[in-house]
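Position chains B, C, D, E and F with the ligands relative to chain A; hints supplied.
Protein chains in written order, with our numbering: chain A, 1 to 195; chain B, 1 to 195; chain C, 1 to 195; chain D, 1 to 195; chain E, 1 to 195; chain F, 1 to 195.
Source of the hints: derived by calculation from the structure; they are not laboratory data. Here the structure is a predicted model, which means the values were calculated and not measured.
Note: identical chains are not told apart, hence a pair may lie in one copy or across any two.
Straight-line distance between alpha carbons at most 20 Å, and here's what the computed SDA-like set of lysine to any residue pairs gives:
no., residue 1, residue 2
1, 128, 25
2, 128, 8
3, 128, 6
4, 91, 52
5, 91, 48
6, 91, 19
7, 128, 9
8, 128, 3
9, 128, 145
10, 91, 56
11, 128, 42
6 protein chains.
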Amino acid sequence: QRETAVEIDEPGVATGLAVTGAGGEILFVEAAALPDGESGLQITGQLGDVMRESAQIALAHVRSHAGGLGLGDAVTDRPYHVHVPAGATPKDGPSAGVAMTATLASLVSGRRVRGDVGMTGEITLQGKVLPVGGITAKVLAAHRAGLAEVILPGRNAPDLDEVPDEVREAVQIHLVDRIEDALAIALEAPEALAA
Amino acid sequence: QRETAVEIDEPGVATGLAVTGAGGEILFVEAAALPDGESGLQITGQLGDVMRESAQIALAHVRSHAGGLGLGDAVTDRPYHVHVPAGATPKDGPSAGVAMTATLASLVSGRRVRGDVGMTGEITLQGKVLPVGGITAKVLAAHRAGLAEVILPGRNAPDLDEVPDEVREAVQIHLVDRIEDALAIALEAPEALAA
Amino acid sequence: QRETAVEIDEPGVATGLAVTGAGGEILFVEAAALPDGESGLQITGQLGDVMRESAQIALAHVRSHAGGLGLGDAVTDRPYHVHVPAGATPKDGPSAGVAMTATLASLVSGRRVRGDVGMTGEITLQGKVLPVGGITAKVLAAHRAGLAEVILPGRNAPDLDEVPDEVREAVQIHLVDRIEDALAIALEAPEALAA
Amino acid sequence: QRETAVEIDEPGVATGLAVTGAGGEILFVEAAALPDGESGLQITGQLGDVMRESAQIALAHVRSHAGGLGLGDAVTDRPYHVHVPAGATPKDGPSAGVAMTATLASLVSGRRVRGDVGMTGEITLQGKVLPVGGITAKVLAAHRAGLAEVILPGRNAPDLDEVPDEVREAVQIHLVDRIEDALAIALEAPEALAA
Amino acid sequence: QRETAVEIDEPGVATGLAVTGAGGEILFVEAAALPDGESGLQITGQLGDVMRESAQIALAHVRSHAGGLGLGDAVTDRPYHVHVPAGATPKDGPSAGVAMTATLASLVSGRRVRGDVGMTGEITLQGKVLPVGGITAKVLAAHRAGLAEVILPGRNAPDLDEVPDEVREAVQIHLVDRIEDALAIALEAPEALAA
Amino acid sequence: QRETAVEIDEPGVATGLAVTGAGGEILFVEAAALPDGESGLQITGQLGDVMRESAQIALAHVRSHAGGLGLGDAVTDRPYHVHVPAGATPKDGPSAGVAMTATLASLVSGRRVRGDVGMTGEITLQGKVLPVGGITAKVLAAHRAGLAEVILPGRNAPDLDEVPDEVREAVQIHLVDRIEDALAIALEAPEALAA
Ligand SMILES: [Ca+2]
Ligand SMILES: [Ca+2]
Ligand SMILES: [Ca+2]
Ligand SMILES: [Ca+2]
Ligand SMILES: [Ca+2]
Ligand SMILES: [Ca+2]
Ligand SMILES: [Ca+2]
Ligand SMILES: [Ca+2]
Ligand SMILES: [Ca+2]
Ligand SMILES: [Ca+2]
Ligand SMILES: [Ca+2]
Ligand SMILES: [Ca+2]
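Here chain A stands alone, though its shape is the one from the complex (with noise of 0.2 Å):
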């Protein structure tokens, strides 16, 4: 049963882009706060070593970043939990590191992230958006799951060339180097407060 893509109703949830041996899909990529204790970052969802640090470069990011990601002086110093449902399927790589930090971002910020952009891209500690691959499989997937545009790591641009002309026109493709470019791409606008 693969997922599609959904009205995203709070922050903390961002859609990545995966494959498998069956071809692309998308997946959704979870972020709690606890609401104290020591900081630190608890994982699930059967992520392999990789995937794993990839949460860690993500959070880490997101910590010492948070005032050039434009997050304002949120409060980091809390336990974080980033879950990658279902949780019995093994997962792995580097390239939901854009996903991750998307959905971490937004959970700072209280802004949520759009539910019809799908994204995938390794991420560096310093915020570099690395390339990653699958792109035409991954794109294909985005279509086909019903997402409006997709966030990829600039240095992929080549892979296009192997996505269908009508995949391409019906999805719109944002090129990244820098995980600022995703977030701004990314997270809606924060809530108007109420008057």
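Quick look at chains B, C, D, E and F with the ligands alone, frame taken from chain A:
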């Protein structure tokens, strides 16, 4: 010696539905809050890593969504212990997530879980209820154990075709997509305070 | 060198019943409360993972139900140590749960466990006593070791058919379904305070 | 290069008796109290898991029974280190329990362990001394190393039949069932305070 | 996709030189200081145990020698994170020690590491720079990636015989025996404060 | 590239003697005190478990005997780091114990270890110096590396028969049974304070 439905006398116990090589059966998920110490989660019952992660997800969801779950401003900054008897039987898989969340929500809110309701379903950190396997065997086991109602994931609706009519008539089935809906069914009303 | 019944001089020791390849035998479960430090549980005696979990469950039950166990408002926020001699003999299984709970309840309440009472049974976090194996061998061992009474899980009643009549006449058998009932039998009355 | 009896100049060293493939020998058990930090136990000397547990049991006994051991109201809430030279020789088994307890009791009380007394025996958390193996080889080794007295578990009395008469005449043997009795023999009197 | 020299915009990144089965290449070593929490070091990038120890040595050197490194009285009592992209590529060996130290010294001092300087060398806790392998391949890689200068261990001087003359003319080579000398070359001057 | 004797400029480095498949050699043992944090010991240099325990023993001895070592009332309640270059070379065994203790005593006291003195020997928690292997190869290596004096365990005296006369004449040999005696030789006098 299979378990059967029991009257539940105190908060912190819920009735789950499981599948083993010998068919479906019910199991009890227990939780306790330790009187003090650092927040954390101790897990027993020879649970495999997927099921241990389910318990972590359930607790993180309850801790980060206590308000939205209608649990009042319960204090959740304590150590918790989750146990699934029998203690020597290895168990694994994500499908006890709903029962684990119900158990912890019960404990935190002081509202008992109804003893005549069985439940199965994977939970995500944001409270979505995801489909699980073994639906027919689980509903049959619930019936056999004397349960009056069962809570199942909405996305498992197609699996109900396999459940015999006489069982469907005897057992009331609730399909839910969110943990809030499961808790609304499973938790008893708060005890009236003595005047 | 098998153990035999002894007079128990101080709180924190209970007599369990075990089964080995060589038949039943009694064993002692010891506990100590360390004078200060973070709450926690140190376990020794070459215990396997199921038996280690039994000790965790026993302590969590005592800590979360101290009031209901009639233990007064004992302070349980200390580190505990549970040991099962002999130190070089590997041991495993859930059936020492009742003895472990009795040992810890004794320590916390300052009431000695009766030295002429043996006990076996799995315990759950909520205090249910679940059935265990080897009942006949255990009752025979209790008799051989000179114990006057044994506490067994209620759901093991059918196994008593196998116990020889002369043993059943010599040893008083208590069947219990809840740990409170086991403790009511096993713990001595509080010491009278000197006037 | 086997060890021989030595004059012990400071608290925190006791003489144990061990058996190896090459026969019995004596070994020294050393302990130190670290000047500050969280209470805990660091263990070195390539000790196997049973012997590591012996050190944990010895420290827990001393910490929880300091009053009953006649050690005054010593402060035991510090980190301790137990070492058994030689550092590259793997060692295991429960029989150093009495020597470990004597070493720690010495350190805590400031009373030296007598250098002419060797000791062997398993200890339990409540202070019972349990029988161990290799009694004949150990007593011979004590004699060969120049020790004047040895402390053995009372339940090992039958093993003394195997010890040659001339050794039994040369070495004074103490049989003990409780650690208090071992400590009464092994610890020197407190230093007289300078007036 | 090999990395090439880049302008470095912020403190906490240095350019290292590595050797793989496919020849030499440059890699970036990133560091971040987390805003609060216990001092410690989180390491990502699928680093092997020798390379993880290099990061520990680098941080311990910076923390214990902050004054001597001319870093002012920087506050180093915070958690640090070191990452070496790409995240899915296993890496090991001691030769990134100099780059790791430069990255951390940069972060602590707020001075950027020059983007046109590559570096290789093992570091010791006291700041010595020890020789490493693959010097020729590393210098060739630095040249190919567009770096203007490289820092090498002094004890690797004999290896420079293998570097082609045209490369030695294009790339300025610094031989250093102490980390202070490497930092004097690699770190940019402090930013002038706006008046 | 073997190490040779060097002038030691700051406290926290000592010269050890080791034996490898290729004969004896000298190695440096480095230590650093981290500016703050919980007391503890970080160990690097690919040390095996016996050598790691040596470092723990050395630190515990220094911390528990600071007064008796003539180190004044140094503050030892800090985290320490011990490193033995080269970082990628696995090392093991107890014979660096004396050098580790000298390094740490140097660091704590602020007195440098003499750079022309090599040392080998196992240390116990109470400060005894135990014999080690490879004495001949170690003394030859000390001579070859340009060291003027070596410190050896007293119980290794018989091994000196194997050392050639010309080496014994060139290198001054100290035999010690206690770590205090080794430190009295190895540590330089305290720096005179500038008036
Ligand atoms: Ca708290
Ligand atoms: Ca892996
Ligand atoms: Ca507490
Ligand atoms: Ca698994
Ligand atoms: Ca304390
Ligand atoms: Ca097991
Ligand atoms: Ca402290
Ligand atoms: Ca073992
Ligand atoms: Ca904090
Ligand atoms: Ca390795
Ligand atoms: Ca601090
Ligand atoms: Ca080893």
